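Trainee: Next come the chains, spelled out residue by residue.
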Amino acid sequence: MKSNESNLEKNVSRLVKLSDESGTPSAGFVDTLIHSTLEKLKQPDAEITLQRQGRFIGINWDKVMGLAAVITLVYGAGLEVLLSGLIRISSFFTFTVLIAMIVNWLVYLGGFIL
Amino acid sequence: MANACDQHGWAGISQGDPDIWREFLSRQIPLLYGMFIKCWPNPSLAEELIQKTVFNAVKGRSGYDPSRASPEKWIVGIARNNIRLEIRKRASQPNVNGDVGTYISAIDKEPLPHKVLEQKETISSVRTALARLASSERSVLKAKYMQGLSARQISRQMGITEKAVHSLLYRARISFREEIKRTFTTNDRGRDNEIQ
Numbered sequence: 001m002k003s004n005e006s007n008l009e010k011n012v013s014r015l016v017k018l019s020d021e022s023g024t025p026s027a028g029f030v031d032t033l034i035h036s037t038l039e040k041l042k043q044p045d046a047e048i049t050l051q052r053q054g055r056f057i058g059i060n061w062d063k064v065m066g067l068a069a070v071i072t073l074v075y076g077a078g079l080e081v082l083l084s085g086l087i088r089i090s091s092f093f094t095f096t097v098l099i100a101m102i103v104n105w106l107v108y109l110g111g112f113i114l
Numbered sequence: 001m002a003n004a005c006d007q008h009g010w011a012g013i014s015q016g017d018p019d020i021w022r023e024f025l026s027r028q029i030p031l032l033y034g035m036f037i038k039c040w041p042n043p044s045l046a047e048e049l050i051q052k053t054v055f056n057a058v059k060g061r062s063g064y065d066p067s068r069a070s071p072e073k074w075i076v077g078i079a080r081n082n083i084r085l086e087i088r089k090r091a092s093q094p095n096v097n098g099d100v101g102t103y104i105s106a107i108d109k110e111p112l113p114h115k116v117l118e119q120k121e122t123i124s125s126v127r128t129a130l131a132r133l134a135s136s137e138r139s140v141l142k143a144k145y146m147q148g149l150s151a152r153q154i155s156r157q158m159g160i161t162e163k164a165v166h167s168l169l170y171r172a173r174i175s176f177r178e179e180i181k182r183t184f185t186t187n188d189r190g191r192d193n194e195i196q
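Those protein sequences? They're chains W and F, same order as listed.
Just so we're aligned, residue 1 is where the first sequence starts under my numbering, counting upward by one.
Just so we're aligned, residue 1 is where the second sequence starts under my numbering, counting upward by one.
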């Protein structure tokens, strides 16, 4: 409902402006823009540069950390499922699974060595 | 060739001197507005592009070299670049193809595309719809959206309370919506009759 009102307000504003034949921007718009520009200028150059760099690096770190967290969670969950399953089944089956894993690893590594 | 005094002022642009920027912007904003309006007869788009140009200039001020060009040429260069970007953006947008009425019927659901606002049909319908409104509603819409006045300024101008301004604006928007929809419905019927 609120978004409908804001859409209506935005559209009415844009439509009403169409009837302006002055060919100049409104004084209100000019004042607001100058005011917000001066506010932006108050930020020192170094701060803006640092912010930009921080944002750039921050995005990369966010992605890296997010990916690492997802990988850890998935591996953790997988290990939990595997271990809980292994506890429930018989020790013989556990032994068989472990042997199979070791053999698989040996075959895999053997492929590299040979 | 610029003299030393000019260059001193120009250096104030790259240093972010607030007085120089204020003076510079009050001269440049109307010129940029004219430049954008020439490309697209759409005041709200012109305002968006001016804002973008000015903020780009503020961000890139440290890279501005007064020995290479005047600040006017520099900001016009940024504006031209924004025009090129807008043209590229528009190339990927669908054409309106005389379907303005459909967009207008969804006026409170989605923002109207710029291409709809630039249709001659839209501009004439806006004028008709505004003319049909009560004079107080028309005045409040023009004061708010054309002159860009705040509710307080409008209340002083019209001699009513701020609360009354807000409620008048609300009613005016609803009336305008109904009138513009009616204008398009009438236009569509007229077109259908002509075809028959």
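Source of the hints: derived by calculation from the structure; they are not laboratory data.
In this text the structure is predicted, and so the values were computed from the model without any measurement.
Positions of the beta carbon are idealized from the N, C-alpha and C atoms, including for glycine.
Any given hint could turn out to be false.
Said to hold, decoys possible - Heads up, simulated DMTMM-like pairs for lysine to aspartate or glutamate below, C-alpha to C-alpha not over 20 Å straight-line:
id: 1; chain 1: F; residue 1: K59; chain 2: F; residue 2: E121
id: 2; chain 1: F; residue 1: K142; chain 2: W; residue 2: E80
id: 3; chain 1: F; residue 1: K142; chain 2: W; residue 2: E9
id: 4; chain 1: F; residue 1: K120; chain 2: W; residue 2: E5
id: 5; chain 1: W; residue 1: K40; chain 2: F; residue 2: E23
id: 6; chain 1: F; residue 1: K115; chain 2: F; residue 2: E86
id: 7; chain 1: W; residue 1: K42; chain 2: F; residue 2: E178
id: 8; chain 1: F; residue 1: K38; chain 2: F; residue 2: D108
id: 9; chain 1: F; residue 1: K109; chain 2: F; residue 2: D17
id: 10; chain 1: F; residue 1: K142; chain 2: W; residue 2: D20
id: 11; chain 1: F; residue 1: K52; chain 2: F; residue 2: E72
id: 12; chain 1: F; residue 1: K59; chain 2: F; residue 2: E23
id: 13; chain 1: F; residue 1: K89; chain 2: F; residue 2: E121
id: 14; chain 1: W; residue 1: K10; chain 2: F; residue 2: E178
id: 15; chain 1: F; residue 1: K115; chain 2: W; residue 2: E21
id: 16; chain 1: F; residue 1: K38; chain 2: W; residue 2: E5
id: 17; chain 1: F; residue 1: K73; chain 2: F; residue 2: D17
id: 18; chain 1: W; residue 1: K10; chain 2: F; residue 2: E48
id: 19; chain 1: W; residue 1: K10; chain 2: F; residue 2: D19
id: 20; chain 1: W; residue 1: K42; chain 2: F; residue 2: E86
id: 21; chain 1: W; residue 1: K10; chain 2: F; residue 2: D17
id: 22; chain 1: F; residue 1: K115; chain 2: W; residue 2: D20
id: 23; chain 1: F; residue 1: K59; chain 2: F; residue 2: D99
id: 24; chain 1: F; residue 1: K109; chain 2: F; residue 2: E23
id: 25; chain 1: F; residue 1: K52; chain 2: F; residue 2: D108
id: 26; chain 1: F; residue 1: K59; chain 2: F; residue 2: E72
id: 27; chain 1: F; residue 1: K142; chain 2: W; residue 2: E39
id: 28; chain 1: F; residue 1: K163; chain 2: F; residue 2: E137
What the hints assert, rightly or not - Cβ-to-Cβ under 7 Å is the rule here; a few derived chain W residues that face chain F:
id: 29; residue: L18
id: 30; residue: D20
id: 31; residue: S26
id: 32; residue: Y75
id: 33; residue: G78
Trainee: For each hint, tell me whether it holds in the structure or not.
Mentor: Outcome of the hint check:
no., hint, verdict
1, K59/F - E121/F, "violated, 39 Å"
2, K142/F - E80/W, "violated, 67 Å"
3, K142/F - E9/W, "holds, 13 Å"
4, K120/F - E5/W, "violated, 26 Å"
5, K40/W - E23/F, "holds, 16 Å"
6, K115/F - E86/F, "holds, 12 Å"
7, K42/W - E178/F, "violated, 45 Å"
8, K38/F - D108/F, "violated, 29 Å"
9, K109/F - D17/F, "violated, 43 Å"
10, K142/F - D20/W, "holds, 9 Å"
11, K52/F - E72/F, "holds, 16 Å"
12, K59/F - E23/F, "holds, 18 Å"
13, K89/F - E121/F, "violated, 23 Å"
14, K10/W - E178/F, "holds, 16 Å"
15, K115/F - E21/W, "holds, 19 Å"
16, K38/F - E5/W, "violated, 31 Å"
17, K73/F - D17/F, "holds, 19 Å"
18, K10/W - E48/F, "holds, 13 Å"
19, K10/W - D19/F, "violated, 32 Å"
20, K42/W - E86/F, "violated, 29 Å"
21, K10/W - D17/F, "violated, 34 Å"
22, K115/F - D20/W, "holds, 18 Å"
23, K59/F - D99/F, "violated, 39 Å"
24, K109/F - E23/F, "violated, 40 Å"
25, K52/F - D108/F, "violated, 26 Å"
26, K59/F - E72/F, "holds, 16 Å"
27, K142/F - E39/W, "violated, 28 Å"
28, K163/F - E137/F, "holds, 15 Å"
29, L18, "holds, 5 Å"
30, D20, "holds, 5 Å"
31, S26, "holds, 4 Å"
32, Y75, "violated, 42 Å"
33, G78, "violated, 43 Å"
Hint compliance for this structure: hints 1, 2, 4, 7, 8, 9, 13, 16, 19, 20, 21, 23, 24, 25, 27, 32 and 33 are not met, and every other hint is.
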